[in-house]
Amino acid sequence: MLTKIKQSKSEKILLIFLILLAIFAFSSFVLIKNKCLFVENVKIDKLTFENRENIVVMNVNCGNVIIELLPKVSPNAVARFKNMIANKEYDDVAFHRVVENFLVQAGDLEFGKKGSINYTYIGSGKSKYSLIKPEKGKPFDFKKGSVGFAKSKNGDMEDSEFFILLSDAPLFEGEYTPLGNVTHGFAALTKIKSGNKSEYVLRPDFINSLRMLPEISN
Amino acid sequence: MKLNILILLLFFTIFQSKADQIYELIKIPNLKIYQIDKENNLRYLTPKKDFVTNSGINNVSCKKSNNYKVEKKYIKTKNEFNIFKKEFFEKIKLKYIVLCEELKVGEINALGFANPEMETILLNINTNDDDFERVIHHEVFHIVENNYKKFFPDTVWAKFNNPNFYYSGSSTNPEAYSLVKLSNTNGFFSEYAKYSISEDMAETFSFINSRKKYVSEVINLDKILNKKVIFIKEGMLNIKKSL
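Chains as they are written, first to last, in my numbering: chain A, 1 to 218; chain B, 1001 to 1243.
Hints were generated in silico from the structure; no laboratory data involved.
Treat the hints with care, as some may be off.
[Said to hold, decoys possible] Short derived list, chain A residues pointing at chain B, Cβ under 8 Å:
hint, residue
1, F102
2, A169
3, P170
4, L171
5, F172
6, E175
Quick caveat: nothing in here was measured; it's all calculated off a predicted structure.
The beta-carbon is built from N, C-alpha and C at its ideal position, and this holds for glycine as well.
Just chain A, with the same shape it has in the complex (with noise of 0.2 Å):
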């Protein structure tokens, strides 16, 4: 005759013990290491957009960010990132260097190539265009989620690099040239992988595409 054997207080710990193990590997290997597992991805066919021409869509590990751009600001640097997003310079590029809370930035297109990367010199690249003069002189308000071309390391001009900041920025007016700002999906922007102790990230995130928005509804 079968007979129900009571479970003793220590098999009890030890069975809850078991649950709570197996509850840290799961959330462990699967919970945790998804970094993008609680942000919203953004998407476009729900969205509508007044001036779709100065809209960038930018796909990142953890899905879209829009990008409105302002060509009443910056004419001319406007003008070029259109130009270099129309011929898909952008796809693939590392975010190479992630200042945490602060700003990541993107766009060697010489040295932060996915599959060529070269870790001695991101940063310092050029891209295949001629560097253009800032235009820092109208008022902008760099705030959380402004985006701005960086200054080239010869000098006080400008050519592929941008970066879009993470938090307010009150000084950088005047000193770096507006491009427009994140509307949507900035969520994303603050998943991007920096590195532990240098800004200079190892094994970084990329740009997967940025594209115009009209490009995309097509």
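Assemble the complex: chain A is given as a structure, and chain B must be docked to it using the hints.
Just chain B now, with coordinates in the frame of chain A:
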């Protein structure tokens, strides 16, 4: 255990926080915005905590000060800078003023320090009011000189001095760095002016802007100083013309 704590402390000391807009612009850590003067576009900064940074060949260090001291010197500084126009600062490329205590440049106590490359002047707010006023103008000239050296050629300046005079260069005697006006000028406004051509010009500029009455009197008695004052004024006029 103690060793572990020490290693941890050392770790945090070595890796100072640099992730902010000010470090991005002028490469000085641990600063915060004190005031932004919209009239002349100067940005006044103070340390959140003590800092050490590298500027060219020198290590520059400075300490955090209390709000009362900063406010007092900020008002003084603002008044002195307000004699210049916004366009002047834009032209000479001066944007950032750091107000801090116990400024040291290459381990030597300093009253001020100009870093033209970063468009920055650091001012030691422990300086007495009289000297402080002079230091402001002195450092402004170093910024001016860096951007408009063509208007202030050393070769012309050197000829103003007596033929047997040589600038002292670095000295271990603290008196050599004195800003006190000389009773017997003999071509120099202060002892520090005898240090180098650049410091001599900066001292002359400083006296012109902060001791106008004294300068107008002394140039009648000292022919060398008269030539130096005219030279600096002409140089500044050339800059203004190019504004």
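Structure versus earlier hints - violations, ascending order: Violated hints: none; all satisfied.
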